[in-house]
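Chemist: Chain by chain, the residues run as shown.
Number of protein chains: 4
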Amino acid sequence: GQKLVLVVGPDVVETEEQVMATAREVKRVSEKHGLPAVFKCSFDKANRTSLKSYRGPGLDEALSLFAKVKAETGLPLVTDVHETWQAARAAEVVDLLQVPAFLCRQTDLLVACAKTGRAVQVKKGQMVAPKDMRHAVGKLRESGCTEIFLTERGATFGYNNLVVDMRSLPLMRDIGVPVCMDATHAVQLPSAAGGSSGGERRFVAGLARAATAIGIDALFLEIHPDPDNALCDGPNSLDFAGFDELVGQVVAIRRALGQP
Amino acid sequence: GQKLVLVVGPDVVETEEQVMATAREVKRVSEKHGLPAVFKCSFDKANRTSLKSYRGPGLDEALSLFAKVKAETGLPLVTDVHETWQAARAAEVVDLLQVPAFLCRQTDLLVACAKTGRAVQVKKGQMVAPKDMRHAVGKLRESGCTEIFLTERGATFGYNNLVVDMRSLPLMRDIGVPVCMDATHAVQLPSAAGGSSGGERRFVAGLARAATAIGIDALFLEIHPDPDNALCDGPNSLDFAGFDELVGQVVAIRRALGQP
Amino acid sequence: GQKLVLVVGPDVVETEEQVMATAREVKRVSEKHGLPAVFKCSFDKANRTSLKSYRGPGLDEALSLFAKVKAETGLPLVTDVHETWQAARAAEVVDLLQVPAFLCRQTDLLVACAKTGRAVQVKKGQMVAPKDMRHAVGKLRESGCTEIFLTERGATFGYNNLVVDMRSLPLMRDIGVPVCMDATHAVQLPSAAGGSSGGERRFVAGLARAATAIGIDALFLEIHPDPDNALCDGPNSLDFAGFDELVGQVVAIRRALGQP
Amino acid sequence: GQKLVLVVGPDVVETEEQVMATAREVKRVSEKHGLPAVFKCSFDKANRTSLKSYRGPGLDEALSLFAKVKAETGLPLVTDVHETWQAARAAEVVDLLQVPAFLCRQTDLLVACAKTGRAVQVKKGQMVAPKDMRHAVGKLRESGCTEIFLTERGATFGYNNLVVDMRSLPLMRDIGVPVCMDATHAVQLPSAAGGSSGGERRFVAGLARAATAIGIDALFLEIHPDPDNALCDGPNSLDFAGFDELVGQVVAIRRALGQP
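Residue numbers (the numbering used here), protein chains in the order written: chain U, 1 to 260; chain G, 1 to 260; chain X, 1 to 260; chain Y, 1 to 260.
So that you can see chain U by itself, here it is in the shape it has in the complex (with noise of 0.2 Å):
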């Protein structure tokens, strides 16, 4: 058995001052509680619902304070990328790149991502079953991706709800890779909010802790200095007391199942 690896960070690039000070808390409560980390974080939000929602600084500008921040706190990085010619670009800063939860099937970026040579993180599609993204696996091996890992992020549930399916950790872990649990894009209610996704930030504790118990390799989570005010995905952010609150709680579930 391994660590839980938490894989956080902010939604997206706001300003320079929030994300160094969000990749400061990811290093402190991850050092707090010994656990290794990942820091998150788009440079871009390329489906937002409206075309007037705020989506980021562009890749240029984000890959250059996603290298400040790596210099900083000495984090590895991980970002998501949306057409095939951003992922060797992406790589070339960051240590994982993400493929997003409606893009899992696109094989193109899929190939793009593994050529790269690095890790590559695919959210499981909220219209894919899980034991259907060893499709997606296949693709990133037979490309020569050796370091996969799959993550649930809710499956479509009527319209505007999703509905995480806990059974999708261990299936998705049958197919042979580590899984992780996003919790923040899992309590996401698809364009509820009418111009923009809402979410319900009251239930990511929760299923952070059910997935846990129930068993993952890493945790996704996404946080803000003040959720309220976040550009975007803030409905569903914690805070950073929330934040430090819910690793203790996990890596107490860890230790009473006997897990590292």
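Just so you know, these hints were derived from the structure itself, not from any lab. The C-beta atom is built at its ideal place from N, Cα and C for all residues, glycine as well. Please note: incorrect hints may appear among the correct ones.
What the hints assert, rightly or not - Beyond 10 Å from chain G on every Cβ pair, some chain Y residues (computed):
#, residue
1, E14
2, G158
3, R201
4, D217
5, L257
Unchecked claim - Here are the simulated DSBU-like cross-link-like pairs (lysine-lysine), alpha carbons at most 35 Å apart as the crow flies:
#, chain 1, residue 1, chain 2, residue 2
6, X, K131, G, K131
7, U, K115, Y, K115
8, X, K131, G, K52
9, U, K131, Y, K131
10, X, K115, X, K27
11, Y, K52, Y, K3
12, Y, K68, Y, K27
13, U, K70, U, K3
Assemble chains G, X and Y onto chain U, guided by the hints.
Modeler: Just chains G, X and Y now, kept in the frame of chain U:
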């Protein structure tokens, strides 16, 4: 906080030996782990897939056997009723009446259960939203019932499949009643095994641990001395060793979270 | 090929005037369009959302009113039963017994209906796969029922919503029985209107036409002289003019497809 | 009211012969029934289940073949694009750009399509509520697109299954754009056939008739000279005779409803 209540037993009466052996195991394991227990057993399986499926011994024979269980083990009892006339009869022997999930909107059945003065457990219908269980609670309360709890046993998810929406547990607690996780029926695959419902026993323990970690007041499990030869719900029943091990994990998780 | 059968009436008995006026309209419209009709009316709404919802006059009063409808209009009758003891009582007056969707797996109710010798209509459970309705048909046939039909009324689709899977109509026909589209209950939004179920009347006609175009043997509709003031299911009932117009469209579609 | 538009073609380019034969059939059948037609063909299947699945000849070869189709038949053309850079290239030859269902929330792709000045068809995502397609329409309009239509192709319904919610057609029309029924992809069973998606051709005609009866502006179908040997989507493609017969039925239904 109260201690977790175990609601455990065989799915249905097969023989006196099977019932008594199971009741002794429920008593032994609950005492070993210091938890209160209720012995659960059905007298009739009223909604089996096929006319040829085993249904049980009927109300009279079952009730006299339930009385024996109570006399020997001292465990309180729960059984499920399907038509109004059964409520008062069953209430002569059992301490708690269970309203099945398919029937959770049948007003007369809820009222008949409430009228007995017994505690009532309502399984959340597979087709009912968690918050809408307030209507079942309202019908019971307005009919004089003062001890009510609600049980999650999976939600309809496409055809021949159920998904446990872990959010239902805090959402039903919001109604102001204790909540229970039925980890046995939650892994049913309705009608998926041809003339009867299939099940995935491998997920029972994981879902029970997950529900514990999000927060429950009671845990519902079906166990059998020899699950692979059970006459009903064998594919999702635990054996005795699995039951004991799972309760140990559940107790450890609660302790890790500072719960009694 | 047979002519399309109309199964139409008010949701529930409110007053004698309402029932008689509706019955006369069913007779008038069915004769105008040359279609056979069955008059549908409930004596009791057994699964209303709240205890305060209107339920109907009860079995005795309703049956004597149903007898009047039959005497005056000559229409055959159908009503729904909820517990076993009601089947034989209702069968004294009505020609066809209806098993409600939530109860379509209750073995005793199916058997009690079959034992009356009457024809039986089973609504497909919102949580049941179309092909699995073969089990309900099997229980009826093995209990002596020779005239059976199955009715689509929507499938559970997330919370507080139903979706009509049009494939269910040919799939249930494959079982070897005629199939019916209930376009009224298919547009319910379960519990979505607070203390009662909502509905979207605007989709009734479209779903009825769509089902006709894929292929059905009977069409189930609820109508009301004044739907906005109906005591139950008003939001999804048609008024008399809408009923007449819809039957005209349905007849035209069948003729266009070469059906009688 | 306008005449129904047929959007029909092979799933993907296999050979020049197959494409030309199919285009001639689209022309012949549409003229026979007096309907306008758009020839649909993909140059690349970007989200096949497996890396080994056939994808097509690529953009350059396909575009020169599409130009030949246009020169010979005079039919307007539509093809689907998957990354932003493809939009302008494809728009040199095709009249209408299609945004795939999985990608219907990718802002950059929508904007790139709009910028070409061509008409744009967006498939409703399997995981998107009908009314939320207004966001895709908004992104297109704000980027200068004036001809938009939305296509229903099924909604996620549990795992490995789609359901067509016929309400989506009037709901998407409410957004103020014409709507199309894709009866071919609506009968896909995602990933259900092991390493590729299965399909149920038997339901194509019924769903197309049903959608016509509820109300559509365009009908999308994939056809193949020999569907059982097609390299992609064969299980849900119609053969030429089935296509002709279905268009006859659809025309008859529209005439029965007084539509042109």
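Chemist: All hints, please: hold or fail.
Modeler: Okay, the hints, checked on the actual structure:
1. With 10 Å as the threshold on Cβ separation, the claim that Y:E14 sits away from chain G holds: the shortest Cβ distance comes to roughly 33 Å.
2. Against chain G, the non-interface label of Y:G158 is violated: not every CB pair exceeds 10 Å, the least being about 1 Å.
3. Listed as outside the interface, Y:R201 is consistent with that label: its C-beta sits roughly 19 Å from the nearest C-beta of chain G, beyond the 10 Å cut-off.
4. Non-interface status of Y:D217 relative to chain G is upheld: no Cβ of that chain comes within 10 Å, the nearest being about 30 Å off.
5. The non-interface label for Y:L257 is consistent with chain G: the shortest C-beta to C-beta separation is roughly 32 Å, beyond 10 Å.
6. Between the alpha carbons of X:K131 and G:K131 the distance comes to roughly 30 Å, so the proposed pair stays at or under 35 Å and holds.
7. Our distance criterion of 35 Å between C-alpha atoms is met by U:K115 and Y:K115, whose separation comes to about 31 Å.
8. Annotation: proposed proximity of X:K131 to G:K52 holds, straight-line Cα distance about 18 Å (limit 35 Å).
9. Of the supplied pair hints, the one linking U:K131 and Y:K131 holds, its CA atoms being roughly 30 Å apart against a limit of 35 Å.
10. Annotation: proposed proximity of X:K115 to X:K27 holds, straight-line Cα distance about 29 Å (limit 35 Å).
11. Annotation: proposed proximity of Y:K52 to Y:K3 is violated, straight-line Cα distance about 41 Å (limit 35 Å).
12. In summary, the hint linking Y:K68 to Y:K27 is supported, as the alpha carbons are separated by about 14 Å, within the 35 Å threshold.
13. In summary, the hint linking U:K70 to U:K3 is supported, as the alpha carbons are separated by about 21 Å, within the 35 Å threshold.
Comparing the model with each earlier hint shows violations of hints 2 and 11; every other hint is respected.
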